[in-house]
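A.B. asks: Chain by chain, the residues:
There are 2 protein chains.
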Amino acid sequence: MTSQRLAIGVDLGGTNARAAVVDASSGEIVASHKATLSERTPESVVSIIAEAVHQAAGSARLALPSVASVGVGVAAQCLGRTGVVLNAPNLGWRNVAFGELLAGKLGRPVRIANDLSAAAWGEHSFGAARGIEDAVLVFVGSGVGSGFILGGRLHSGASGVAAEFGHIKVRPQRPGTPPRRCGCGEMNCLEAYTSGMNVAARVREELQAGARTMVSELAGGDLARVSASLVDEAYRAGDAYARELWEEVAELLGVAIANLVTILNPARLILGGGVLLGASTLAALVREQMDAKISRSAVGALSVERAWLGDDAGVIGAALLDG
Amino acid sequence: MTSQRLAIGVDLGGTNARAAVVDASSGEIVASHKATLSERTPESVVSIIAEAVHQAAGSARLALPSVASVGVGVAAQCLGRTGVVLNAPNLGWRNVAFGELLAGKLGRPVRIANDLSAAAWGEHSFGAARGIEDAVLVFVGSGVGSGFILGGRLHSGASGVAAEFGHIKVRPQRPGTPPRRCGCGEMNCLEAYTSGMNVAARVREELQAGARTMVSELAGGDLARVSASLVDEAYRAGDAYARELWEEVAELLGVAIANLVTILNPARLILGGGVLLGASTLAALVREQMDAKISRSAVGALSVERAWLGDDAGVIGAALLDG
Chain Y
43 MTSQRLAIGV DLGGTNARAA VVDASSGEIV ASHKATLSER TPESVVSIIA
93 EAVHQAAGSA RLALPSVASV GVGVAAQCLG RTGVVLNAPN LGWRNVAFGE
143 LLAGKLGRPV RIANDLSAAA WGEHSFGAAR GIEDAVLVFV GSGVGSGFIL
193 GGRLHSGASG VAAEFGHIKV RPQRPGTPPR RCGCGEMNCL EAYTSGMNVA
243 ARVREELQAG ARTMVSELAG GDLARVSASL VDEAYRAGDA YARELWEEVA
293 ELLGVAIANL VTILNPARLI LGGGVLLGAS TLAALVREQM DAKISRSAVG
343 ALSVERAWLG DDAGVIGAAL LDG
Chain F
43 MTSQRLAIGV DLGGTNARAA VVDASSGEIV ASHKATLSER TPESVVSIIA
93 EAVHQAAGSA RLALPSVASV GVGVAAQCLG RTGVVLNAPN LGWRNVAFGE
143 LLAGKLGRPV RIANDLSAAA WGEHSFGAAR GIEDAVLVFV GSGVGSGFIL
193 GGRLHSGASG VAAEFGHIKV RPQRPGTPPR RCGCGEMNCL EAYTSGMNVA
243 ARVREELQAG ARTMVSELAG GDLARVSASL VDEAYRAGDA YARELWEEVA
293 ELLGVAIANL VTILNPARLI LGGGVLLGAS TLAALVREQM DAKISRSAVG
343 ALSVERAWLG DDAGVIGAAL LDG
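Sequence lines, in order, name chains Y and F. Under our numbering, the first residue of the first sequence carries the number 43, and numbering increases by one thereafter. Under our numbering, the first residue of the second sequence carries the number 43, and numbering increases by one thereafter.
Source of the hints: derived by calculation from the structure; they are not laboratory data. Beta carbons: idealized from backbone N, C-alpha and C, even for Gly. Some hints here could point you the wrong way.
Here are the computed distance ranges between Cβ atoms for each label pair [unchecked claim]:
id, chain 1, residue 1, chain 2, residue 2, range
1, Y, A334, F, G320, 33 to 39 Å
2, Y, R136, F, A326, 30 to 36 Å
3, Y, G149, F, E175, 27 to 33 Å
If you only want the chain F side, here are some residues facing chain Y, beta carbon under 10 Å, derived [claimed, not checked]:
id, residue
4, L48
5, I90
6, F190
7, K211
Using the sequences and the hints given, assemble the complete structure.
C.D. replies: Laid out in structure tokens, this is it:
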């Protein structure tokens, strides 16, 4: 028992926060506590997280003062070591000194990072990128993002917002596709065309504007049930609308991922997220585009894996951020 | 004199090789020797470089055996520590064990890198990125390329081909623009649409196909004189063809550079190369696109500079590759 070094990580999403005590030598989650964000003001969220941290630490019989720091992965643009959350659309936060607030509440130093940077660090520590110096993780789920392990280190960039892959600017293939505003406030981000939430929103808008697609029947006529996985189902059933949409989305995602690999030359690409892992037809189309567009010079070193740690990658990585 | 630590760097282009003795504590070039590549077989080039290294070392009264290693920046895709040049279109090389050949000839270990990675390392050591942990260098000249300093280290990637920015895949804005094959052999690389050589080749092709543009008169009717700077001149004189071409090229370059900044979050972007520094109107259009498309989260940390070390960046960086 004495050889165990325990660390605390938190995964802060838009609706839940999860605190976990992680064995830093094995990556095992020793105890964890999940709490719903009943309110989303920074003060409320800080209180909810602090309570979850105390619960998890209590279950693991870990005295909080014995922990060097607490790491938090936030579904947001985070200014690294300053602890400032620049923009968290799901929480409605802009420029919140979240790290400082939480550190004050916990009485321990707090280190924050984007949730996918934390997940990449988790996969590097104990998952699909273990022992690999250069690895890129790409998630396409309700949002789109990435995390970079470069030279064995988490690459956070000059102000901590590196790897904001969802916010690169793209131009859809079909001239008729209207420009879309992203949750970050900017126009034509990759995420605005390809994330699960945005795909669903776009299909709803187009259905309301008169588009004809099987997705409507698959959703039982209920717009709220429209989702990327129903588009995937419609595609497999031969729906023309779904085919056109998936071709556009797959080209955008496939080329963007290919260019990321060409530029960073990782040994491993880790794919994750509900859209890439759940919408199998889209995933295959993305892979086809990607394989065709990665520079031949970068493809030789590359292997592609699904994420190993699933939803645990974020808390594990967060716990080890300063490790 | 005894405090001077001298290192040897080589810059290998398509037509010349330059060897330099560099003071590793100041970045000063103590002696240098430039040689024309009269032949381009690997054996001939190795002999020419070895001779240039001996000449430069002799001028600096430096005994070659006292040097730990010799660094070479090559205008090519280089497989890092293996010393293999994967693809050097200007030399006509594919899969050449160049590092090994040169090491055999010199009797010293040889470290090779892409010329722009070497230049980035030079600018980081003694130029526009000195003291900056995260810096990106982008060159648009006869070719298009980049070099990355991330976390204070040169990022070479898993097999040494990271930062091959010229070989990301793009889709031009105008539907009428035909696909172009790049010097690397692949289709639709950024370089195929935006490098000085490729722009000149495209304008020549379009003139021969009947395009009407002032570039023709500016070149005195001599197709061989067509260049990016003449297109720039034609643009300033109100030429419609030049305006359309520059808009397309500027969008491709500006968005690609913006996305690079969004993804890597550098504190400094260093711009260089004959097209970006010489074609002032194009450079301004690229800058406009770039400024509009960088994610607001990444723009705060960024400053943009021209390269400081000019043509010396490559040899200086190469000399310090293992430093």
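A.B. asks: Could you run down the list of hints and mark each one as holding or not?
C.D. replies: The hints, checked one at a time:
{"no.": "1", "hint": "A334(Y) x G320(F): 33 to 39 Å", "verdict": "34 Å, holds"}
{"no.": "2", "hint": "R136(Y) x A326(F): 30 to 36 Å", "verdict": "32 Å, holds"}
{"no.": "3", "hint": "G149(Y) x E175(F): 27 to 33 Å", "verdict": "31 Å, holds"}
{"no.": "4", "hint": "L48", "verdict": "28 Å, violated"}
{"no.": "5", "hint": "I90", "verdict": "25 Å, violated"}
{"no.": "6", "hint": "F190", "verdict": "8 Å, holds"}
{"no.": "7", "hint": "K211", "verdict": "5 Å, holds"}
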